[in-house]
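Enquirer: Chains S and U, in that order, give the protein sequences.
Per the working numbering, residue 19 is the first one in the first sequence, and the count goes up by one each step.
Per the working numbering, residue 208 is the first one in the second sequence, and the count goes up by one each step.
By construction, these hints were calculated from the structure, which means they are not laboratory data.
On a predicted model such as this, the values are computed, not experimentally measured, just so you know.
Treat the hints with care, as some may be off.
To be verified - Pairwise CB distance ranges, derived in the manner of DEER restraints:
(1) U:Leu-241 / S:Asn-207: 15 to 23 angstroms
(2) S:Arg-119 / U:Asp-277: 36 to 44 angstroms
(3) U:Asp-277 / S:Val-226: 14 to 22 angstroms
(4) U:Met-279 / S:Met-367: 38 to 46 angstroms
(5) U:Ile-316 / S:Pro-138: 21 to 29 angstroms
(6) S:Pro-138 / U:Met-279: 21 to 29 angstroms
(7) S:Asp-160 / U:Trp-332: 47 to 55 angstroms
(8) U:Asp-277 / S:Asp-59: 25 to 33 angstroms
(9) U:Leu-241 / S:Val-226: 13 to 21 angstroms
(10) S:Asn-207 / U:Asp-277: 43 to 51 angstroms
(11) U:Met-279 / S:Asp-169: 56 to 64 angstroms
(12) S:Asp-169 / U:Leu-241: 44 to 52 angstroms
Just so it is clear, CB atoms sit at the ideal spot from N, CA and C, and this is done for glycine as well.
Listed below, chain by chain, are the residues.
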Amino acid sequence: MTIPTEPIGSIPRPLALIDALKATDSADPKLDPLYDEAIRDTLRRFEETGSPVVTDGEQRKYHNFGTYCVHGLPNLAEDGFKLEFVSHTRRWPRLTAGPFRYKRSADSFIDIARRYTKLPVKQAVISPSALSLMYPAAPLPDYPREKFLEDLLNEHESEVRRCLQKGAHKVQIDFTEGRLAVKLDPSGNLLNSFIHLNNLALARFSTVERQRIGVHTCPGGDCDSTHSADVDYAELLPSLFQLRAGNFYVALAGETNRRRVLEIIRDHLKPDQRVFVGVIATIDPRVETPEEVRDRILEAAEYIPVAQLGTTDDCGFAPFSDDTSTTRDTAFAKIRARVLGTRLAESVMGGG
Amino acid sequence: MGAVRKDEAGQLRSAALQTSAAILVARERAERDLVEATGALERKTQELAQSLAMMRATLESTTDGILVTDVMGRVTGFNEKLVQLWSLPRELLETTHQQVQEVIGGQVIDRSRHDQVLADIYTSWPPETFDLLELSGGRVIERYSKIQLIDGRAAGRVWSYREITDRKAAERELREQREWFEVTLSSIGDAVITTDTEARISYLNPVAEQMTGWKLTDAKGRPLEEVFQIVNESTGAPAANPITKVLREGIVVGLANHTALVARDGTKTPIEDSAAPIRGAAGKISGAVMVFHDVTRRRQAEEALRDNEQRLSAIFNQATVGMATAGLDGRFDQVNQRLGDILGYRADELVGRTFRELTFPEDLPATEIAVRRLLAGEISDYAIEKRYVRKGGGVVWSLTTVTLIKAESGQALRFVGVVEDITLRRQAEEALQARERELSLIYNSVSDSIFFLAAEPAGEFRFVTVNPAFLSATGLLESQVVGKRLSEVIPEPSLSLVLGHYQEAIRTKQIVRWEETTTYPSGRKTGAVSVTPIFDSNGKCINLIGTVHDVSQRRHTEEVTARLAAVVESSDDAIVSKTLEGVIVTWNKGAEQMFGYTVAEAVGQPIKMLIPPNRIDEEPEILRRIRQGERVEHYETVRQRKDGTLFDVSVTISPIRDPRGTIIGASKIARNITAQKQTEEILRESEARYRIMGQVVPHLLWVTDAQGIPTYFNDRWYAYTGHHESLTSATERRSALHPDDQRATTESWMHAVKTGEPFECEYRIRRFDGAYRWFVGRGVPLRDEAGKILRWYGSSTDVHEQKVTAEALREQYIVTEQLNGVARALATELDLSKIVQIITDAGTRITRAQFGAFFHNQIDENGESYMLYALSGAPREAFAKFPMPRATEIFGPTFRGEGVI
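Chain S with its partners taken away, still in its complex shape:
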C-alpha cells in the first residue's frame, strides 16, 4: 500500500537571496545565479528528505504565491485588496487598465527545476478567483468586469495547460482565499462565486487532465500567522469539494479539532477525488516526529478511504518571498518527518 505524499510548494528563500531582493528588482538578471543556486539547493535538499515528489520551493515566485504572474505589469497599482493576517496585512495589486494579461507563467519555473532533478516536479499556480480580486470596485473604462474575467480564465487555462504539457507531476491551484471569502461574505455568495469561477476554468480540462490538477486551501500561512483560521472549515469544505478537481490539499495539522474537520471531509469527498491532508503544521516552528505524523495519518485513515488519502504540509513554508519566520533547515526537517511518517503509516496499514 502506498500513500502519496506531496509538498505544497514554497520553501523559505536563502537569506542571501532575500537580502539581494531588497536591493534590486526581482527580475534583475544579476539575480539569476542566486535564483539558480537557491533552486539547485532546494531540489537537492528536497531529494535528501526522500520526498517522492518535489517543488522548486517557489524560489523565483516574486513577490508571492499569488502575484508572481502579474508582478511588474504597468497597469497595476499597489493599493489593491488587502489580506489581513492575524499579525499583519498584505495587499493585493489593483488593476488600473485593461487588458489583463499574465507577465509570466509558472511553467517557466518547471524548465529550471528540470535541470536539477529527475524526480517528479509539482507546480503550484494561483487561482483565478484570487486574481479576480484585482479588478477594482469601480468598473474600468473600456474594460468591463466580464471581459476581465474572460481574459483571466484564458490566462489561467493557458498557464495550467502549459504546466501539464511540460510534465508537471501535479498542477496545484492555490485557493487560499476560500476561507477568506467566507470571512468577507458570511452569506457564502462570494465563496460560491469563487467556486464557480474556478470551475469555469477547470471545465476547460478533460477528466484525465483534472486528475493531475489539485486545489489547495489553508487559512493562510505567512510569518507564522494565518488570515482566516477563525473561519470554520464547515463553511468552506462542502463548497470546496464542489470544485471539479481531482485532488485537494487541505491544511489539517494546525486545526484545533482535526476529527471534526475529517468528518466534514468524509461527508463531502467525492469518489473520484483524493484528499491530501496536512500532517505538518507549517506555522508551528516545532518539528514533528515521524511517529506524530504517522498517528495523524492513522487518525485521518479512520475517516477517509486509504485509496483516496494522501499527505501534505498544511501550507507552503514561505508563500511570501520575504518571509524569514521559518528556516530552510526547519522546513526540510518537517518535510522529512512527513515523508518518514507517511512510510510508517503505510507499513502499519499495509503490513509493510
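Take the given structure of chain S and dock chain U to it, following the hints.
Expert: For chain U alone, coordinates are given in the frame of chain S:
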C-alpha cells in the same frame, strides 16, 4: 503598511462582491452555452452513430478486407473480411499494424519486398499506394492504401486488400494464350494464311511467307488467289481454292490430294492443307484460316517408315523374347513366334485372343491396374512379373513389359508387349526364399546363440541382431542387446578377452574359436564361441557373426565328474565297474590296495577272478539282479586277493545306465570288513560278559542320562528295594533313601551332574523289608570325544557291615586313648584334684555323657567331712548351689560302698 481606512475596506469588499456578481453572470452564460453545446453534441453524436453504422455495414459488406490504422500504425478498425482473408488471430487486431503485418508478411512470397513497401509507406506517407502481394499457394492480393483524413488532417490510413487471384489467373492465361498463339504461329512448321470475308489476305505466318514467296507486308489485302496459287500436282491444272468454299459454306474443308502450291517465283511444292472459317463472338464468319504444309518430307519419311517397319518386323519375328502388339481392347493383333513358344501356341493362334484370357487369374488384377494407369497417362510403360496360362494348362512366369503407342495427338493406339520367360529364375528365387525361411527357422530355433555385430570406428562393436537362443541363454532382453555397444552388454573381464578374439579374427580374416565364461543375468555361462568376420569390397571389416554353444552343462558335468573321480580315487573302498558280462572296466586305488591287482592287471579281466571258487555262483545271481535294475546293498561275502588270501567284504552293487536309461554295466563298491567282523566279535563277547557281571556283582548298579535322570537299574537294585521295574519314579527313588540322607545325597548328586565331577556319597537305602542299610554311592560320567557328558554310570555298594564295625572300633579306640591319658596323669601328676579332674573328663568322654561329676568326701584336720567334686562338660556355677548328695537311687550304692552304677 499603514492603517487602512474603513471606507477603503468597504470599497474593496464591494469590488469583490461586484466581481462575484459578474462571475455568476459568466457562469450562467457558460451553463447556457453548455446546454446548447450538449444538445448539439447529442445531435451530432446521433448523426455520427448513424453514419458510423452505415460505414460499418458498408465495411462489412464489401468484398475487400479493410484495415484502418492511425498515423502511429495502431489498428483502429477492421472488417470481418480482413480476418478471413488473412486468417488473422482476432487478438492481433487489438494491437498494431506492425503485428498484423507480421502475419500477413508470413504469407507472402517476397517477404522482404513486402516489408520494405510497408516501411516506405509509413516513412513517406503517400496519399495513395497500390501494390500486389503474391502469396505462396498462388493467391494474389491487391493492396490499396489511402490516407484517412479527418477534418482535413491525416488521421491514419485505410488499407484495403482484395483477392484477385482468379482475375490475375485469367489475365495471365489470356496473355499466355495470345503469346502462345503468336509464338506458335510464327514457329510452327505449318504455313498459316488468314483472310477476311472477301478472301483478302490478312495474315501470313513466316512459313507461309517462305512457301508462297510473299511477304506479309506485300500480301496483306491482296486476293487470296494471287498469293496462294494451287494446281493439281500431276496435271498442273489450277485447283479449287478451299477458302472460297469455306467462306461460302462456313464449313471446314480439306485440300484435295496431290495439290501443289505455286510460289511467287513459280516453284511448286506438294502440299496438304485444310481451311476453316473464323467466327466472331456471335458465331458470324469473320474470315477464314488456311493451314498447309509441305509434304515433300513426309513423303520421304513415309518411305523411310516402310523400310523401318520391315526391319522391325524382322526383329519382331526373330526376337529371343516374346513380343506382341494388341489393340486397346487387349486383343493381340501381332504376335511373334517366341511368344507363341512361351505360351505353347502357334503365333497365329494367339492373334485375336486377349492378354486377359491368357493371364493367370491371380495376376489379372495387378495387370488391369497397370493397364488402367497406362491408359490414363499416369505411366508411360509398365513392367510386371506375371504368370500366363500355357496351352494345355501349364503356368509360365514372365516379365512382361508393356508400352502404349500413341498417336502424335496423344491418343492411345495400341499396346506393345515384350514377354520374357522367367520361370527358371522364379523357381530359383523361390528356392532361395525357401532356403532363407529355413535358415531363419534355424536361426530362431537353434539352441546355440547367434549374434550379428556391426564393426564401428574406434574398434567398437554394436549388436545388430541376436537370435532367441542368445536372449534365453543370457537372460537379457532384446532391448538390452540390440543396438547396444558390446561394452554395454558384456561385462569385464570377459569384454577384454572377447575384444581380443574379435580383433584376432579381423586381423587374421579367419574364424576364431575359444571358450569363455561370463556372468549374465541368467547366471554364469560357459560357451564355445566362434566368430566370423565379414569384409566389404575394400577389405574393411563391417560385421562379425558369432555363435555360442552353451557348454555350461558340459563343464558342470566335467567338474562333477572330476570331483567324483577324485572321490573315487581317494576312497579306501574298492570301487570297480564292470560290464553286464562281468568284465572289469574301471579299477581304483582302493581296489588295487584291497585286491592287490594294479589297474593294468585288472581292467579287461573277468570279475570272477576276485571270487573264491566256492562262491563262484554268487556272480550270475548278482548280474541277474543288476540287469533287472536292482541294487545289491551291503552284501557281506568273502573275496580273494591276488595272493590267494581270503577276506570279508561288504559289497554294494548298483546298475550303471547310459543317458537313455539303458543298463550297461554295474558299479561295485567293496569294503574290507575283516577288522569290523573281528571287533564285532569282541564286542559281542564283551557284552555278554558284562551282562553276566551286571547280574552277579553285589552292587546296585544304575545308569542316568546327562541330566542325572536314571535310565537303568540292575536286577539287584529291584530285588533289594522291592520296587517293581515299572515303579521307578523320582519320588519313589528318593523315598528309598533314608529321610536323614535325602537332602545331602540329592545336593551331592546335583553338584556332580552340574560340574561333571565324580559323585561319591554315603547314604542309607531302605531294603524291601523296611530296614535301612548303609551304601556308598559312586558315579562317573561317560563323555564323548568332545568331552560332552553322554550319561552317568553309577553303583551303590553295601557298606553297612563295614560302617557298623568301624563305629565300634572307633569307640574302643577312644576308651583306650582316655585310659592311656589317665594312666599317664597318675604316673606324672601329684595334685590329687588335677588327677580327679582328668579322670572325670576321661570318664565323661568314654561314656559319651553330656557332663560328668565326681564327688568324694574328705575329712579335714578337724576331722570333719566335706564334699569335694570335679566337673566335666558343665560350668562350675551349675553346681555351686548343688545340695549335698543324698543316698538316692543313683548315689545310694556309692555311698553305701556297694559299687558304681
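Enquirer: Lying within 21 to 29 angstroms: is that true of the beta-carbon distance S:Pro-138 to U:Met-279?
Expert: holds (26 angstroms)
Enquirer: CB of S:Asp-160 to CB of U:Trp-332, is that within 47 to 55 angstroms?
Expert: holds (49 angstroms)
Enquirer: At the C-beta level, are S:Asn-207 and U:Asp-277 separated by a distance inside 43 to 51 angstroms?
Expert: holds (48 angstroms)
Enquirer: I want to verify a distance hint. Is the separation of the beta carbons of U:Met-279 and S:Met-367 within 38 to 46 angstroms?
Expert: For S:Met-367 against U:Met-279, whose Cβ atoms are near 41 angstroms apart, the range 38 to 46 angstroms holds.
Enquirer: If I claimed the Cβ atoms of U:Met-279 and S:Asp-169 lie 56 to 64 angstroms apart, would that claim hold in this structure?
Expert: violated (37 angstroms)
Enquirer: Okay, U:Leu-241 versus S:Val-226 on CB: inside 13 to 21 angstroms?
Expert: Between U:Leu-241 and S:Val-226, where Cβ atoms are some 20 angstroms apart, the hint holds.
Enquirer: Take a look at whether the Cβ-Cβ distance between U:Leu-241 and S:Asn-207 falls inside 15 to 23 angstroms.
Expert: holds (22 angstroms)
Enquirer: Given the hint of 14 to 22 angstroms, is the C-beta distance from U:Asp-277 to S:Val-226 inside that range or not?
Expert: holds (18 angstroms)
Enquirer: Could you see if the CB distance from U:Ile-316 to S:Pro-138 stays within 21 to 29 angstroms?
Expert: violated (51 angstroms)
Enquirer: For the range 36 to 44 angstroms, tell me whether the beta carbons of S:Arg-119 and U:Asp-277 fit it or not.
Expert: Holds, since S:Arg-119 and U:Asp-277 (Cβ atoms, about 37 angstroms apart) stay within the stated range.
Enquirer: Looking only at beta-carbon atoms, does the pair U:Asp-277, S:Asp-59 fall within the given range of 25 to 33 angstroms?
Expert: About 45 angstroms separates the Cβ atoms of U:Asp-277 and S:Asp-59, which means 25 to 33 angstroms is violated.
Enquirer: Return holds or violated for the Cβ distance of S:Asp-169 and U:Leu-241 against the range 44 to 52 angstroms.
Expert: violated (20 angstroms)
Going down the numbered hints, you'll see the structure goes against 5, 8, 11 and 12, while the others check out.
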